[in-house]
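A.B. asks: One-letter residues, chain by chain:
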Amino acid sequence: MNLFAQEVPLSWYLLLSAALFSLGVVGFLIKRNLITIFMSIELMLNGVNLSFVTFAHQWHQVKGQIFVFFVMMVAAAEAAVGLAIIIAIFRARATLAVDRIDRMKL
Amino acid sequence: MHLILFFIFAGLCLAGAINMLLQSHPIASALSLIVVMTSLAVLYLLLGAEFLAAAQIIVYAGAIMVLFTFVVMLLNAGREERTQGSRVASLVGFPAVAVILALIATVILHVQGLGTASLSQGITSTEELSVVLFTKLLLPFEVTSVLILIAILGAVALARRGHGDQVVSVPQKKTEGR
Numbered sequence: 005m006n007l008f009a010q011e012v013p014l015s016w017y018l019l020l021s022a023a024l025f026s027l028g029v030v031g032f033l034i035k036r037n038l039i040t041i042f043m044s045i046e047l048m049l050n051g052v053n054l055s056f057v058t059f060a061h062q063w064h065q066v067k068g069q070i071f072v073f074f075v076m077m078v079a080a081a082e083a084a085v086g087l088a089i090i091i092a093i094f095r096a097r098a099t100l101a102v103d104r105i106d107r108m109k110l
Numbered sequence: 138m139h140l141i142l143f144f145i146f147a148g149l150c151l152a153g154a155i156n157m158l159l160q161s162h163p164i165a166s167a168l169s170l171i172v173v174m175t176s177l178a179v180l181y182l183l184l185g186a187e188f189l190a191a192a193q194i195i196v197y198a199g200a201i202m203v204l205f206t207f208v209v210m211l212l213n214a215g216r217e218e219r220t221q222g223s224r225v226a227s228l229v230g231f232p233a234v235a236v237i238l239a240l241i242a243t244v245i246l247h248v249q250g251l252g253t254a255s256l257s258q259g260i261t262s263t264e265e266l267s268v269v270l271f272t273k274l275l276l277p278f279e280v281t282s283v284l285i286l287i288a289i290l291g292a293v294a295l296a297r298r299g300h301g302d303q304v305v306s307v308p309q310k311k312t313e314g315r
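So the protein lines, in turn, are chains A and B.
Remember, the numbering used here sits 4 above the position in the first sequence when you count from 1.
Remember, the numbering used here sits 137 above the position in the second sequence when you count from 1.
Check the hints yourself; a few may be wrong.
[Claimed, not checked] With the Cβ distance kept under 8 angstroms, some of the chain A side facing chain B (calculated, not the full set):
(1) Leu20
(2) Ala22
(3) Ala23
(4) Ser26
(5) Leu27
(6) Gly31
(7) Met43
(8) Val57
(9) Ala79
(10) Ala84
(11) Val85
(12) Ala101
(13) Ile105
No lab work stands behind these hints, which were simulated from the structure alone.
It should be emphasised that the depicted structure is a prediction, and the values quoted were computed from it without experimental measurement.
For each residue, glycine too, the CB sits at the ideal point set by N, CA and C.
Build the full structure now, drawing on both the sequences and the hints.
C.D. replies: So this is what it looks like as C-alpha cells:
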C-alpha cells in the first residue's frame, strides 16, 4: 500500500475540529486567568473554522471559506475589544485571577 | 503524502491545544496557541483553501496572537494560581463537554457520503473567492468594515485612562477556595 497516495477521509478533519472545540470548552472551564480564558475562546473559534473549511471542501462551495473569513474578522474585532476590557479590569482591580473579579461594580 | 502531512499537523494541533491547557504561565499558553493556529493553516492548505491559510497566518498567528502576547507582557501576568474552580463547572460542565464531544463524534462517524481529501484535488484560488465575495456578498463585507471601525473606537475608548478613573487601591482579599 502506497502511503504517499493515501486519501484522508473528511470525517477525520471534522473529528479534529470537534476535539479542538471541546478542548477550548475545557480550557474555558479550568483556566483561572482572564487572558487564558480568552485564548480558549479563540481555540473554540478555530475549531469551528476548521469544520467550515472541511464542509466547503466537501460541497465545493466557496461560501464556506468566505464565512471563515468573516469569522476571522469578527475574531480580530473581538480580540481588540476584549483585550481592552482586560486592560481596564487590570487597571481597576490589579489582578487577572477570575476568582477575585467577582463584582460587576468597580 | 496527504496522510502523512495530516497526521503531522493534526498531531501538532492537538498537542498544542493540550499543552495550552496544561501550562500555567500565560505566555506559554499563548505560544502553544500560535503552534495550533499555524498548523491549522497547513490543514487549510491541505483542504485547498489557500487564501484562508495565508489569512490564518497573518490575522490569527500574526495580529491576534501578537496582541495577546503584548497584553500578557504589558500586564506582567504571572503564573496563575490553581484553585478549585466552581462546583458548577465540575458537576455540569465537564460531563456536558464529554456528552457533546461523544454526540458530535457519533454523528460524524455515522454520516454517509462524506468525501475524502487528497493533494490532487486542486485548490480554490483567491480569484474565485474574491469574485463571490465582491459580487454576491458585498454588503456583508462592507458591514464588517463598519464593525471593525466600531471595534477600534471601542478599544481606544475602553483602554485609555478616563477622567474619573482614579487608581483605586484594591483590597487584596484572599481567595477563599470555592
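A.B. asks: State for each hint whether it applies.
C.D. replies: Do the hints match the structure? See the list:
1. Leu20: 5 angstroms, holds
2. Ala22: The hint holds - alanine 22 of chain A has a Cβ within 8 angstroms of chain B, the shortest such distance being about 4 angstroms.
3. Ala23: Check passed: Cβ of alanine 23 of chain A comes within 6 angstroms of chain B, closer than 8 angstroms.
4. Ser26: At about 4 angstroms, which falls below the 8 angstroms cut-off, the nearest Cβ of chain B leaves the hint on serine 26 of chain A intact, so it holds.
5. Leu27: 4 angstroms, holds
6. Gly31: 5 angstroms, holds
7. Met43: 5 angstroms, holds
8. Val57: 5 angstroms, holds
9. Ala79: Since chain B brings a Cβ to about 7 angstroms from alanine 79 of chain A, closer than 8 angstroms, the hint holds.
10. Ala84: 4 angstroms, holds
11. Val85: Since chain B brings a Cβ to about 5 angstroms from valine 85 of chain A, closer than 8 angstroms, the hint holds.
12. Ala101: 6 angstroms, holds
13. Ile105: 10 angstroms, violated
The structure is inconsistent with hint 13 alone, although it conforms to all the rest.
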